[in-house]
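Start from the sequences, fold in the hints, and give me the full structure.
Line by line, the protein sequences give chains A and B. Start counting the first sequence at 48; every next residue gets the next number (this note's numbering). Start counting the second sequence at 25; every next residue gets the next number (this note's numbering).
The set of hints was computed from the structure by calculation and includes no laboratory data. A portion of the hints provided could be inaccurate.
Said to hold, decoys possible - So these bits of chain B aren't anywhere near chain A, every CB distance computed over 12 Å:
| hint | residue |
| --- | --- |
| 1 | Y29 |
| 2 | N103 |
| 3 | Y109 |
| 4 | V146 |
| 5 | Q161 |
| 6 | K177 |
| 7 | E191 |
As the list claims (entries may be wrong) - Here are the simulated BS3-like cross-link-like pairs (lysine-lysine), alpha carbons at most 27 Å apart as the crow flies:
| hint | chain 1 | residue 1 | chain 2 | residue 2 |
| --- | --- | --- | --- | --- |
| 8 | B | K31 | A | K74 |
| 9 | A | K75 | B | K83 |
| 10 | B | K195 | B | K177 |
| 11 | B | K157 | B | K179 |
| 12 | A | K140 | A | K154 |
| 13 | B | K79 | A | K75 |
| 14 | B | K54 | B | K38 |
| 15 | A | K75 | B | K189 |
| 16 | A | K74 | B | K86 |
| 17 | B | K189 | B | K157 |
| 18 | B | K31 | A | K83 |
| 19 | B | K31 | A | K75 |
| 20 | A | K147 | A | K65 |
| 21 | B | K83 | B | K38 |
| 22 | A | K75 | B | K38 |
| 23 | B | K79 | A | K83 |
| 24 | B | K179 | B | K190 |
| 25 | B | K79 | B | K31 |
| 26 | B | K204 | B | K181 |
| 27 | A | K74 | B | K38 |
| 28 | A | K65 | B | K54 |
| 29 | A | K83 | B | K86 |
| 30 | B | K157 | A | K65 |
| 31 | A | K83 | B | K83 |
| 32 | B | K179 | B | K54 |
| 33 | B | K195 | A | K65 |
| 34 | B | K79 | A | K74 |
| 35 | B | K54 | B | K79 |
| 36 | B | K181 | B | K83 |
| 37 | B | K31 | B | K157 |
| 38 | A | K75 | B | K54 |
| 39 | A | K75 | B | K86 |
| 40 | B | K83 | A | K74 |
All residues carry an ideal CB built from backbone N, CA and C; glycine is no exception.
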Amino acid sequence: MKKSIDTILQSVDYPEVKLDIHQQALKKSLLEQYGKKRGGDKPFMKRNVFRFAALGIMSIALIGVITVTTLLPKTPEVQAQEIVSNAMNHIVKLSDEERKVLESKIKADLQGSLAEAQQAEDLTVVPEEEIKRVDPPKEVDNKDVFMFRKGSEDVQPIAPSGDMGNAVPGTKIAFSGDVMAPHGVKVLRYTDPQGRKVILGINEQNEPVMKMMMLRKEDLNNLPKTKEFHLRQDQ
Amino acid sequence: MEIQYEKDLVERAKNDPDAFSELFDFYYPKILNYSLRRLGNIDVSKDITSQVFFKVLNKLPKFTWDISFSSWVYKIATNEIYDFYRSPKNKVTSLEYLQTVGFEPEDLHDIETELIAAEQEVERHQLFLEVQKHLLQLDLSYQEIISLKYFEKKKIKEIAEITGKKEGTVKSLLSRGLEKLRSLMLNTMDMQLNREKNVIKVKAE
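This is the structure:
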């Protein structure tokens with residue numbers, strides 16, 4: 048009997064009606080809705096006029112920001128932060144070996160030094176007029192290049208960090224220069240967490256190539272007295 | 025409609041009213057007649073069909089191909105019919121509803137004439153009306169599946185997509201539904217036979 052109900056249902060002639068007027072009216076109304084929802088020709092243009100206007104305003108604002116940031120002179124503090132940031136980006140790409148070479152050159156931890164500079168409140172670029180440019184590598188060697196503050200009555204030696212053992216406490220030397228650095232090296236200055244003035248040099252490849260610090264009395268007093276102090280006197 | 029062609033058309037219809045028009049023209053008669061066979065009332069079927077296509081229009085941008093487009097449209101229609109049966113408030117003529125969404129019949133008289141012609145067309149199918157009369161006494165889940173299988177000639181897989189049921193469930197619902205429909209029809213036939221016998225008996229006396 049189940050088969051017969053199946054047969055009956057299969058054999059039924061089902062009605063197939065047409066409602067052409069309703070179909071056309073409904074289509075018309077659907078297309079009107081379509082236009083409102085997704086934008087037909089006019090709504091599309093209207094919607095996009097606002098989009099283009101918004102885009103235009105944003106573009107003008109963006110151009111303004113770029114102009115202001117590129118054309119206005121940057122302060123030494125901003126420049127210093129940029130230099131340190133570029134150096135940070137550079138050193139993360141270095142191999143372990145390349146990093147060791149650089150660290151032995153500046154006798155300091157690369158990343159730590161840059162982080163320290165970045166966090167210092169007084170990080171700035173040393174003005175060019177305070178720098179004595181020299182030609183590397185002959186004249187520049189961490190072993191014998193030291194820098195002094197100009198015009199200070201109590202002349203203080205500035206020693207390469209990590210190499211303070213070579214300084215001779217209490218040595219007073221007449222000095223006419225400010226900061227000695229190779230050409231192309233950007234020279235930054237900041238105060239480290241221990242209160243010492245630090246000079247950080249970063250070359251054109253964004254590699255930190257020198258780190259010097261101004262030794263204070265207490266630093267000098269803590270130095271071992273047996274070491275020979277190599278000092279190159281600026282003539 | 026060829027599957028690939030339909031796929032392209034559906035994707036285009038998301039942003040192209042002409043493509044949407046083509047889809048509408050293809051599916052309108054299918055959904056109208058599906059509703060009519062389910063409900064038996066051309067006026068309500070017309071309104072249900074309108075609601076289905078407004079939903080298709082609104083939901084089309086979010087349509088993904090989890091199921092075929094055809095199954096998706098039928099699913100919307102099936103849900104609309106389900107809501108119609110379940111919610112008495114929907115049992116009003118939806119012309120008001122259509123007017124709220126922008127439907128403006130140009131000539132109500134023409135529509136009425138068209139509906140009368142459609143009713144007459146339905147009335148010509150006496151066997152269908154007989155089956156439908158019994159079918160409407162079944163639970164909605166049986167009605168759905170039997171209608172889709174026999175009225176719309178859908179495969180089990182398609183019915184599963186439309187109703188959101190597993191194919192096994194569809195098969196067992198179909199089997200049980202047919203059994204119930206058969207019983208109902210047999211009872212009616214018995215009652216008719218008995219009635220006819222009684223009439224003959226009375227006449228003989």
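Hint check:
Taking the minimum C-beta to C-beta distance to chain A, about 20 Å, the non-interface status of B/Y29 holds against the 12 Å cut. Once the 12 Å rule is applied to beta carbons, B/N103 is consistent with being away from chain A; the minimum gap is 19 Å. Taking the minimum C-beta to C-beta distance to chain A, about 20 Å, the non-interface status of B/Y109 holds against the 12 Å cut. Chain A draws B/V146 into its interface by the beta-carbon criterion, the shortest separation being 5 Å against a cut-off of 12 Å.
Every CB of chain A is more than 12 Å from the CB of B/Q161 (nearest about 14 Å), matching its label as outside the interface. Distance to chain A contradicts B/K177 as a non-interface residue, since its nearest Cβ pair spans about 10 Å, not more than 12 Å. The non-interface label for B/E191 is consistent with chain A: the shortest C-beta to C-beta separation is roughly 18 Å, beyond 12 Å. As the CA atoms of B/K31 and A/K74 are separated by approximately 21 Å, the hinted pair is consistent with the 27 Å bound.
Among the hinted pairs, A/K75 with B/K83 is consistent with the structure: their alpha-carbon atoms are about 18 Å apart, no more than 27 Å. The suggested pairing of B/K195 with B/K177 holds, with an alpha-carbon distance near 14 Å, which does not exceed 27 Å. Pair hint B/K157 plus B/K179 holds up; C-alpha atoms about 24 Å apart against a cutoff of 27 Å. A distance of roughly 20 Å separates the Cα atoms of A/K140 and A/K154; the hinted pair therefore holds under the 27 Å criterion.
In summary, the hint linking B/K79 to A/K75 is supported, as the alpha carbons are separated by about 15 Å, within the 27 Å threshold. For a cut-off of 27 Å, the pair hint linking B/K54 to B/K38 stands: about 21 Å separates their Cα positions. Restraint check for A/K75 and B/K189: the C-alpha separation of about 35 Å exceeds 27 Å, so the hint is violated. Distance check on the hinted pair: A/K74 and B/K86 sit about 21 Å apart at the alpha-carbon level, within 27 Å; holds.
For a cut-off of 27 Å, the pair hint linking B/K189 to B/K157 stands: about 25 Å separates their Cα positions. For the given pair, B/K31 sits about 24 Å from A/K83 by alpha-carbon distance, which is consistent with the 27 Å threshold. Distance check on the hinted pair: B/K31 and A/K75 sit about 23 Å apart at the alpha-carbon level, within 27 Å; holds. Straight-line distance between C-alpha atoms of A/K147 and A/K65 comes to about 86 Å, which puts the hinted pair past the 27 Å bound.
Of the supplied pair hints, the one linking B/K83 and B/K38 holds, its CA atoms being roughly 10 Å apart against a limit of 27 Å. Between A/K75 and B/K38, the direct Cα distance comes to roughly 17 Å. Compliance with the 27 Å bound is thereby established for this hinted pair. Restraint check: the Cα-Cα separation between B/K79 and A/K83 comes to about 15 Å, which is no more than 27 Å; the hinted pair holds. Between B/K179 and B/K190 the alpha-carbon distance is near 13 Å, which keeps this suggested pair within the 27 Å criterion.
Taken as a hint, the B/K79 and B/K31 pair is honoured in the structure, with Cα atoms around 19 Å apart against an allowance of 27 Å. Restraint check for B/K204 and B/K181: satisfied, since their Cα atoms lie roughly 23 Å apart, inside the 27 Å limit. Distance hint between A/K74 and B/K38 is fulfilled; the C-alpha atoms sit about 16 Å from each other, no more than 27 Å. Between A/K65 and B/K54 the CA atoms are separated by roughly 10 Å; this keeps the pair inside 27 Å, and the hint holds.
Taking the CA atoms of A/K83 and B/K86, the gap is about 17 Å. The hint holds against a cut of 27 Å. Between B/K157 and A/K65, the direct Cα distance comes to roughly 22 Å. Compliance with the 27 Å bound is thereby established for this hinted pair. For the given pair, A/K83 sits about 15 Å from B/K83 by alpha-carbon distance, which is consistent with the 27 Å threshold. Proximity of B/K179 to B/K54 is assessed by CA-CA distance (about 16 Å); at most 27 Å being required, the pair is judged to hold.
Between B/K195 and A/K65 the alpha-carbon distance is near 32 Å, which puts this suggested pair outside the 27 Å criterion. With a C-alpha separation of about 13 Å, the suggested pairing of B/K79 with A/K74 holds against the 27 Å cut-off. Pair hint B/K54 plus B/K79 holds up; C-alpha atoms about 16 Å apart against a cutoff of 27 Å. For the suggested pair B/K181 and B/K83, the alpha carbons sit about 23 Å apart, so the restraint of at most 27 Å is met.
For the hint pairing B/K31 with B/K157, the CA-to-CA distance comes to about 37 Å; that exceeds 27 Å, so the pair is violated. Taking the CA atoms of A/K75 and B/K54, the gap is about 19 Å. The hint holds against a cut of 27 Å. With a C-alpha separation of about 22 Å, the suggested pair A/K75 and B/K86 falls inside the 27 Å cut-off, and the hint holds. Our distance criterion of 27 Å between C-alpha atoms is met by B/K83 and A/K74, whose separation comes to about 16 Å.
The structure fails to meet hints 4, 6, 15, 20, 33, 37 from the earlier list, while all remaining hints are met.
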